[in-house]
Amino acid sequence: MKTFLIHLSLQQITSKIQGKLHLKNDTILTNVAELKEANENSVCFFENYKFLDDLKSSKAGLIFIPQDFDINLKPDTNLLLLEKPYISFVILIKYWLELCSSKKKREISNTAKISNSAQIDKNVAIGNNVVIEDFVKIGMNSIIEANSVIQKNVQIGSNCHIYPNVTIYEDCIIKDKVILHAGCIIGADGFGYIFYEGKHNKIPQVGNVIIEDEVEIGANSAIDRATIGSTIIGKGTKIDNLVQVGHNCNIGENSILCAQVGLAGSTEIGNVVYLAGQVGVAGHLKIDDEAMVGAQSGVAKDVPKKAKYFGTPALDAIQQKRMFISLKKLPEIIKKMKRDNRNSRNGK
Amino acid sequence: MKTFLIHLSLQQITSKIQGKLHLKNDTILTNVAELKEANENSVCFFENYKFLDDLKSSKAGLIFIPQDFDINLKPDTNLLLLEKPYISFVILIKYWLELCSSKKKREISNTAKISNSAQIDKNVAIGNNVVIEDFVKIGMNSIIEANSVIQKNVQIGSNCHIYPNVTIYEDCIIKDKVILHAGCIIGADGFGYIFYEGKHNKIPQVGNVIIEDEVEIGANSAIDRATIGSTIIGKGTKIDNLVQVGHNCNIGENSILCAQVGLAGSTEIGNVVYLAGQVGVAGHLKIDDEAMVGAQSGVAKDVPKKAKYFGTPALDAIQQKRMFISLKKLPEIIKKMKRDNRNSRNGK
Amino acid sequence: MKTFLIHLSLQQITSKIQGKLHLKNDTILTNVAELKEANENSVCFFENYKFLDDLKSSKAGLIFIPQDFDINLKPDTNLLLLEKPYISFVILIKYWLELCSSKKKREISNTAKISNSAQIDKNVAIGNNVVIEDFVKIGMNSIIEANSVIQKNVQIGSNCHIYPNVTIYEDCIIKDKVILHAGCIIGADGFGYIFYEGKHNKIPQVGNVIIEDEVEIGANSAIDRATIGSTIIGKGTKIDNLVQVGHNCNIGENSILCAQVGLAGSTEIGNVVYLAGQVGVAGHLKIDDEAMVGAQSGVAKDVPKKAKYFGTPALDAIQQKRMFISLKKLPEIIKKMKRDNRNSRNGK
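These protein sequence lines map, in sequence, to chains A, B and C. So the first sequence is numbered by this note's numbering: it starts at 258 and just counts up by one. So the second sequence is numbered by this note's numbering: it starts at 258 and just counts up by one. So the third sequence is numbered by this note's numbering: it starts at 258 and just counts up by one.
If you're looking for bench data, these hints aren't it; they were derived computationally from the structure. Just so you know, these numbers come straight off a predicted model, no measurement behind them. Hints may contain errors.
Identical copies look the same in the list; a pair holds intra-copy or inter-copy alike.
Unchecked claim - Okay, derived cross-link-like pairs now, DSS-like style, lysine-lysine, Cα gap no bigger than 30 Å in a straight line: (1) Lys281 x Lys592; (2) Lys394 x Lys370; (3) Lys293 x Lys394; (4) Lys307 x Lys492; (5) Lys293 x Lys543; (6) Lys593 x Lys578; (7) Lys565 x Lys459; (8) Lys562 x Lys586; (9) Lys434 x Lys456; (10) Lys362 x Lys563; (11) Lys293 x Lys492; (12) Lys593 x Lys409; (13) Lys459 x Lys351; (14) Lys565 x Lys592; (15) Lys565 x Lys543; (16) Lys307 x Lys277; (17) Lys558 x Lys307; (18) Lys273 x Lys313; (19) Lys434 x Lys273; (20) Lys459 x Lys307; (21) Lys293 x Lys432; (22) Lys351 x Lys316; (23) Lys558 x Lys592; (24) Lys578 x Lys595; (25) Lys593 x Lys565; (26) Lys459 x Lys273; (27) Lys558 x Lys341; (28) Lys434 x Lys379.
Produce the complete structure using the sequences and hints provided.
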């Protein structure tokens, strides 16, 4: 249950979210909740009939519900009949959050340590113990939360949200409307050595990371800086928690990298690519636009456009599925072959 | 070797840990150690005869040893004969650590930044540069270590230990005797988007995380907040390092998630479930009570109670083992089939 | 593109990096870059003819190029002909970085919180909000960056570089020339419990971690402390991001652990071992010297010296490859067997 500081009337909600209201009692709405935890001041949604029992017993004050819903199944509650209840619910939450956040004033903490050479635009919030080094630029309306460290020459655009305990190494560029969750490390050294004289000699990593507009990166993910040049995360791409992106990778626009994905160095990911959880991709490969790779797959060669791949090493998902079905039958087949062999040896 | 500030006599130890003492020389014990690194002030244990050579050469001052041990094999050392030497050794260490910790006084650092609206119970320790935001509550005897960030409305129970550089997002609830290791992120946004108008639109994540009593979570693990409702970690469950728990997961009591496990969203894990290292679990599944899933498995459908599963996609471990043994034989079988075919074509 | 504060003339570079200079115009060099992003002040290298088009269109001021290169392919640019252009390029970057860094003066921030009992050697840099607890020792020329936490009794050698937001738990030992990237956690508790009385009882983890000379550890990796004794990372070993090393592991010298590798407890890794990305290794195993394990492999038994292993469970890579090739053929084989069976039943 999320309770908001600002309360809304039924009328305020229905003027924002337009649908057919089945009105039972006027009420004040203070929170959004799941059906089963709701109270009389909760707004909820219902879409999946799997949760019909939760709906029937729910104490919610207002429920967003499909247009074709039989209101006799929930007669005593305010219902708002909508074409897409869940999307409308999401729109309401966004509206409500914005209402509340516009009440907050943006402050720069006096415990933040900000270099004199840093350029901080207007309406920026900087939390406690944040460190902003020389020549950093931060665009307007951005928020840098407590205990994050922004190293020298970093550029952060406008309307970004950097959560606590983030580290951005020097020279990296974060464009507009980027969200970096807590513990993200942007721009640590790529993993590059040359083996000579009996040991691994570090190759200096003097490139950077460029994160385009509207990218979101999850908690404790790591995006390595390029050896030279840039590691690039394209516009609108979303990256989940604990993901590793190696040096000099180039990820396109609107792609999805689920949790614990790992990309080795110099790999290219196209636009609208989907990598499910724990996928690993070897270095210097290309995964083309709109390809999808199933969870835990290990990609060892290029993946063509719109392909669906799966497995380690990753192959076309249909082929992989056939192989797996065959493998399940294999123990019985081998048993039968032995029996047949024995029989034929015995002259049967 | 762990050296304690408080030293113990042989007598103090044998009054705490009762067994049959084979006494050689009275001594003062100052540390616990492995057999091979021990000195004359060390307490050690011996249980596994694989390490008999280490035992024989050990310089330990006191060794916890099985009741049926032949003391002629280690004649010149103080030996304490016990039914369960290792468990007794663990009990001694816990006792010794408590003796030392009760000497420490709990302090709130003057560099911590604590909101006036926060409620801090008695005997709480708060480290340097810790940030405690508005309306946070912290129960008695809890420890929050340096540079951690506790966001607004978070509740932390009593006797918790939050290590350095932890981030807890707003509204999360941590109950009693919870241990969060360094770098943990509790309550970052779940990974949820709706694709429309050619891009991924963020679904606001307005739920929270609830961590029940006696949970321990390892370094750099991430537990995402629910979209609405709560992501729940049940009482006594232990989670290792670098684990990902997606939004709206519900984990039962006394389960074990080993390092680098990843759970997608809305998955339900029962009680006393064991997930070995690097296991991945798809979303909206149920792994029932007392099930065990082998390392690196990819769980793609429900796992029944007490089942042992393995592989990607995960199947019953015995079936999976049979499949693997068959697969090992397959290259030879195919070679033989080719030979037989050739022979039959040749009329042999 | 990496721009240096100190600029170099062609002559300064050619006196440091000796080769045959194909001189076109004297110029000042200010940065290193990739061929395609270079400007007239850039130094670049060329080695791989895959990038010949990038070379031809490059605006670089100086290019390191193979001795046998046909200079008519790039006639209007300063070229330095070298036996090993890339290695020479790396040497130049290292030299240039050192030139610049020796201009920086080392400071201890007045916002760092340093215990009076800590011993800090000369020429150490300590960043903002760093916490240094009791009895810590830091050797000369080491750098501890902002918001890191060094707990009591930790020893850090000379010429180390600890990036921001690192946590080192008490009693750990970091030797000389060690690099720890941002978010690393060194010495969190090993994952050890004894199940009795219906729950998991924590085994106190009172050992430590020892990190030998010239080790580098990537962003957000976690190296757990030993239960008793030490978890050891041997000299010159390089560990990438998001790697998990369990308690009491012992890793040899000059080994490589790629990103997201996970080692369970008490595993022994030899010298010059290579573990590719996302490899998992079960507990109490030994991977012997110079062994290589392919990406995503799950190691479930010992790996012999110089072996190449792959797969889950990991086997000799050649055997594994044969099995995989056979498996790809299996669906067709089963189809054929069915056809043959039908035919023979039909008396054909």
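Hints, one by one, checked against the model:
1. Lys281 x Lys592: neither (68 Å within a copy, 64 Å between copies)
2. Lys394 x Lys370: both (14 Å within a copy, 26 Å between copies)
3. Lys293 x Lys394: Classified as between: cross-chain Cα gap 26 Å, same-chain 46 Å, threshold 30 Å.
4. Lys307 x Lys492: Result: close only across copies, 28 Å inter versus 36 Å intra.
5. Lys293 x Lys543: Between copies only: 19 Å across, 46 Å inside.
6. Lys593 x Lys578: both (23 Å within a copy, 18 Å between copies)
7. Lys565 x Lys459: between (37 Å within a copy, 25 Å between copies)
8. Lys562 x Lys586: between (32 Å within a copy, 25 Å between copies)
9. Lys434 x Lys456: Between copies only: 14 Å across, 43 Å inside.
10. Lys362 x Lys563: Neither: 46 Å inside a copy, 54 Å across copies.
11. Lys293 x Lys492: Only across copies: Lys293 and Lys492 sit 21 Å apart there, 38 Å inside one copy, limit 30 Å.
12. Lys593 x Lys409: Answer is neither: 69 Å inside a copy and 66 Å across each miss the 30 Å cutoff.
13. Lys459 x Lys351: between (47 Å within a copy, 9 Å between copies)
14. Lys565 x Lys592: Answer is between; shortest inter-copy Cα gap is 24 Å, intra-copy 34 Å.
15. Lys565 x Lys543: Intra 14 Å, inter 26 Å, cutoff 30 Å: intra and inter.
16. Lys307 x Lys277: Within one copy only: 24 Å inside a chain, 63 Å across chains, cut-off 30 Å.
17. Lys558 x Lys307: between (41 Å within a copy, 18 Å between copies)
18. Lys273 x Lys313: within (26 Å within a copy, 58 Å between copies)
19. Lys434 x Lys273: Within one copy only: 24 Å inside, 45 Å across.
20. Lys459 x Lys307: between (56 Å within a copy, 25 Å between copies)
21. Lys293 x Lys432: Answer is between; shortest inter-copy Cα gap is 22 Å, intra-copy 40 Å.
22. Lys351 x Lys316: within (23 Å within a copy, 48 Å between copies)
23. Lys558 x Lys592: So Lys558 and Lys592 pass the 30 Å test across copies only (27 Å; inside, 35 Å).
24. Lys578 x Lys595: Cα proximity of Lys578 and Lys595: in one copy and across copies (26 Å, 19 Å).
25. Lys593 x Lys565: between (34 Å within a copy, 27 Å between copies)
26. Lys459 x Lys273: Between. Shortest inter-copy distance 19 Å satisfies the 30 Å Cα cut-off; intra-copy 58 Å does not.
27. Lys558 x Lys341: This pair counts as between: shortest inter-copy Cα distance 29 Å, intra-copy 41 Å.
28. Lys434 x Lys379: Classified as within; 15 Å inside a copy, 42 Å across copies.
When the structure is compared with the earlier hints, violations turn up for hints 1, 10, 12 and for no others.
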